[in-house]
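> Residue strings, one per chain:
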Amino acid sequence: MKVTRRQFVKGGVAAFTVTFAAPEFLSDLARAQGSHVRNLVVLYMSGGNDALSMVIPYNDPFYTTRRPSIAVPAGQVLQIGTDSSRVALGLHPRLTGLKQIFDQGRLALIQRTGYENQSRSHFLGTDIWSTADPNNTQALGWVGRYLDSLPSPVDPLIGWNTTGSLPHVLQARTAVPAIASAAGYAFASPNAGAEASAERATALRIASHVPVDRPELAFVYGSSRAAMATLDRVASVGTYRPSPAYPNTGFAQALQAVAGAMSKAIGTRVFYVTTGGFDTHSAQNVNAVGGAYYNLMATLNDGLIAFYNDLKNQGLLEDTLVLTFSEFGRRITENGSQGTDHGSASVMMALGGRVNGGLYGTAPVLTPDPGNPTLENSAGDIRFETDFRSVYAQVLDGWLGTDSIKLLGGNFRKNGLGFI
Amino acid sequence: MPRTSDRRIEHLLRRAGFGARPDELELYGEMSVAQAVDTLLNYESIADDVDTFIAKPGYVNTTIRGQFLPQSNIVDARQRWLFRMVHSDRPLQEKMTLFWHNHFATGYAKIAGTFGAAEGARYLAAKSSEDPGKVRGQLEMLRDNALGNFRDILLNIAKDTATLVWLDGRTNTKAKPQENFAREIMELFTMGVGHYTEADVYAGARVFSGWNLARPGTAAAQHYEFIYNAAQHDTAAKAFSFPIYADGNKTIPGRTAADGMQDGVDLINALAASPTTARYLAAKLYRFFVSEFGAVNASFVERVASVYLQSRYDMKAVMREVLLSPEFWDQSTYFARYSWPVEFVVRALKDIGWVGFSVNDALTPLSNMGQILYEPPDVAGWDAGESWFSTGAMLARMNFASTLAGNQRFNLAKAVKAANASRTPEGLLSHFVGALVTAPLDADVTSEWSAYLRATGAWTGSDAQVQAKASGLVHLIAGSPEYQLV
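Chains S and G supply the protein sequences, listed in that same order. FYI, in this note's numbering the residues of the first sequence are 1 to 420. FYI, in this note's numbering the residues of the second sequence are 421 to 906.
No lab work stands behind these hints, which were simulated from the structure alone. Where is the CB? At the ideal position from N, CA and C, for every residue including glycine. Treat the hints with care, as some may be off.
[Claimed, not checked] Computed far set for chain G versus chain S, every beta-carbon distance over 10 Å:
(1) 423
(2) 424
(3) 455
(4) 467
(5) 487
(6) 519
(7) 550
(8) 594
(9) 638
(10) 640
(11) 652
(12) 681
(13) 695
(14) 776
[Unchecked claim] What follows is a set of in silico ranges between Cβ atoms, one per label pair, in the way DEER data are often shown:
(15) S/150 <-> G/476: 51 to 57 Å
(16) S/204 <-> G/714: 48 to 54 Å
(17) G/781 <-> S/283: 52 to 58 Å
(18) G/853 <-> S/314: 30 to 36 Å
(19) S/74 <-> G/553: 45 to 51 Å
(20) G/487 <-> S/74: 45 to 51 Å
(21) S/193 <-> G/446: 35 to 41 Å
(22) G/707 <-> S/402: 36 to 42 Å
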């Protein structure tokens with residue numbers, strides 16, 4: 001269980017007290033010179049995504065027999081061809097936008113990702129995916145460790161977490177702000193005009209105060225100072241008005257803020273967004289318009305395609321990699337309440353302008369034979385083929401240009417995973 | 421009558437409550453420390469009528485959409501709890517309820533996702549008197565037992581509808597034992613991590629097999645409630661790595677299915693009686709009531725743990741020891757905690773004013789500060805301490821201070837005038853530094869505030885100026901780092 005942000009925030013005190021160069025100008029300059037930056041958007045699908053309903057082996061006879069009430073009919077899936085094991089696959093019918101991205105070669109689907117003895121617990125599972133360390137789930141997050149590896153001083157806006165509190169993925173000695181809404185990330189005042197300006201100027205001056213011999217108070221001062229230092233850059237994102245507009249879901253609005261931050265070049269490189277509700281134990285309603293899983297796919301699809309098109313229009317697509325994860329996949333056989341229980345391996349997605357799209361790895365064969373090598377747990381769950389840390393390694397080495405062996409504490413590089 | 425200084429009473433009420441309203445400061449100020457602690461502990465002698473004042477003039481507002489239904493609408497339940505924190509005359513009961521809510525952290529979303537929104541609120545927040553089926557939600561159970569017996573609370577939690585959903589006990593059967601509750605009761609509710617083995621978790625899951633839920637029908641009065649499902653109980657013996665019985669025996673014997681519910685009771689008794697649990701709780705109480713700075717005081721833990729065991733888990737005796745401990749009253753522990761968002765918000769309301777403000781307007785700010793009541797992030801509860809102070813959360817606190825100060829600008833100006841403190845900037849400053857007590861202020865902070873009062877023109881003491889400066893200054897004080905400590 002995670003109990004311990006305390007361990008790393010101690011170090012955060014120091015990180016707050018440094019000054020930093022204005023990255024806005026730097027990145028403007030860099031862009032003017034035609035060089036690209038590399039942004040990473042980590043997308044957490046919380047609750048345990050039923051990947052079998054997202055990337056569907058529609059010709060596998062056991063897909064239908066083991067899921068009599070929730071299987072999508074073969075004629076309705078969005079066909080995306082066959083993988084290297086010649087299994088025909090289709091996307092969920094609602095993923096029309098992702099199908100476009102797939103057809104443009106900018107969506108990679110990495111099948112059967114997971115790890116040995118995969119946890120079926122939400123907490124432990126999320127901690128493992130977040131730390132990339134099944135043996136020390138209280139470690140800092142894998143992206144957090146990347147941020148900590150950057151040369152200091154690290155800009156307080158290097159990361160942007162669009163959820164209210166800090167996700168484990170981003171836990172780091174480097175403080176990552178939680179900015180659920182750019183519009184709300186402003187210095188409010190009970191007054192207007194000169195009075196409000198005077199308050200803000202006072203708050204800014206006080207924030208630079210450093211209490212002596214009171215480290216706990218100094219820590220709060222550090223947060224106050226970092227907030228004041230990042231206000232204007234974040235506020236500039238609040239004025240971002242993309243066209244066409246994003247859907248009015250929390251997920252899509254978060255992606256809009258991410259696109260805004262990229263568009264305004266405020267210096268942020270790592271973003272965290274989440275879309276929830278994947279813990280579909282009952283009434284999963286995969287293929288009914290308005291059904292639970294159908295809606296999950298709608299939210300995912302509509303947000304991502306809006307984001308993709310927006311970045312494309314702005315010429316930012318090549319700067320961006322979106323990587324998805326979920327704590328586990330789900331059982332193959334549906335349960336007694338037309339849902340699916342916690343399972344193991346799942347599908348990860350990578351999406352972006354420099355992604356080498358397509359199908360990676362092989363689909364599970366759903367034959368309920370205990371000897372079936374693509375399954376585990378008496379053929380109840382999907383067995384992993386690609387360790388999720390190999391996917392992280394590819395992102396760290398191939399996109400972020402760092403050393404995955406160092407950051408993951410081992411060599412997880414794998415051939416045939418060149419999606420980026 | 422012995423009087424106690426404001427400074428001590430404020431400390432006591434910041435910890436054993438949510439700060440001090442002016443009337444509380446007066447009431448407790450007339451008492452000795454021992455009397456004040458007694459009054460806080462023996463709250464049964466004070467009427468539990470706080471809910472009857474909701475929507476009455478003179479109290480903080482609630483925002484009502486159609487009907488106010490805290491028993492079936494989680495937003496209303498959150499408003500009711502905040503209202504209680506502001507206005508209850510039993511502050512320690514509300515504070516302990518928050519402690520238990522964090523300790524047995526149960527999240528609304530999963531209950532609502534399982535049984536629907538109205539049922540989710542019902543199993544967490546309904547009072548039995550207002551529910552058609554007399555359902556008492558988890559929070560009400562904790563509130564009723566806020567200073568009760570820990571073993572009883574633990575047993576109630578094990579049978580609690582919301583817990584059985586939240587930790588999946590409802591699906592714990594002999595064929596498919598569910599480990600979630602068994603793990604958390606040892607890891608988070610009693611002994612703490614490192615004091616049990618994985619084998620204990622598996623055995624614990626079997627102990628609680630058959631502790632499920634049932635719903636007799638679909639009528640409004642019907643509801644999911646605990647049922648011991650004998651047919652789903654694993655009847656074999658269960659061996660643990662720690663003593664279950666007073667004689668040191670570590671094995672729960674095989675029992676018939678009909679008698680098998682006793683397994684769970686035996687395990688709960690053992691966990692409640694464990695000296696490890698005693699120390700685990702004592703350390704957690706130290707962090708919540710005494711200090712988050714520095715190491716947990718070992719002597720405090722031993723003494724409080726010993727009272728816990730000697731009193732056979734009586735939380736009132738335990739809390740008496742906590743609140744009268746020398747550590748609690750040591751000056752170094754004043755302001756040695758990072759306020760939780762609800763502590764900050766409620767104290768600000770008590771210090772700044774509430775008439776004309778709706779607690780509904782605190783809910784989004786609280787979420788931005790990282791705390792949604794009835795929605796802890798996971799079963800481990802909130803990450804407290806420094807973790808509350810991300811940049812976004814700190815900004816949310818500063819902005820709530822602004823919202824409340826703006827809302828109260830007329831009341832603030834009126835109070836300043838009544839106190840005859842509006843004639844000079846110094847008068848205004850000393851008035852509000854007195855009203856909003858903070859951790860010790862360095863001189864350059866107060867001089868900045870003083871400069872702010874003079875920043876936009878000569879002092880005239882006009883109504884408009886006093887309103888602007890009073891609200892501006894209150895915003896700056898309540899949004900200061902010093903005010904975030906309690």
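> Each of the hints needs a verdict: does it hold here or not?
Checked hints:
no.	hint	in the structure
1	423	30 Å, holds
2	424	26 Å, holds
3	455	32 Å, holds
4	467	36 Å, holds
5	487	27 Å, holds
6	519	16 Å, holds
7	550	29 Å, holds
8	594	17 Å, holds
9	638	16 Å, holds
10	640	22 Å, holds
11	652	15 Å, holds
12	681	25 Å, holds
13	695	21 Å, holds
14	776	14 Å, holds
15	S/150 <-> G/476: 51 to 57 Å	56 Å, holds
16	S/204 <-> G/714: 48 to 54 Å	31 Å, violated
17	G/781 <-> S/283: 52 to 58 Å	35 Å, violated
18	G/853 <-> S/314: 30 to 36 Å	50 Å, violated
19	S/74 <-> G/553: 45 to 51 Å	47 Å, holds
20	G/487 <-> S/74: 45 to 51 Å	49 Å, holds
21	S/193 <-> G/446: 35 to 41 Å	39 Å, holds
22	G/707 <-> S/402: 36 to 42 Å	37 Å, holds
Hints 16, 17, 18 from the earlier list are contradicted by this structure; the remaining hints agree with it.
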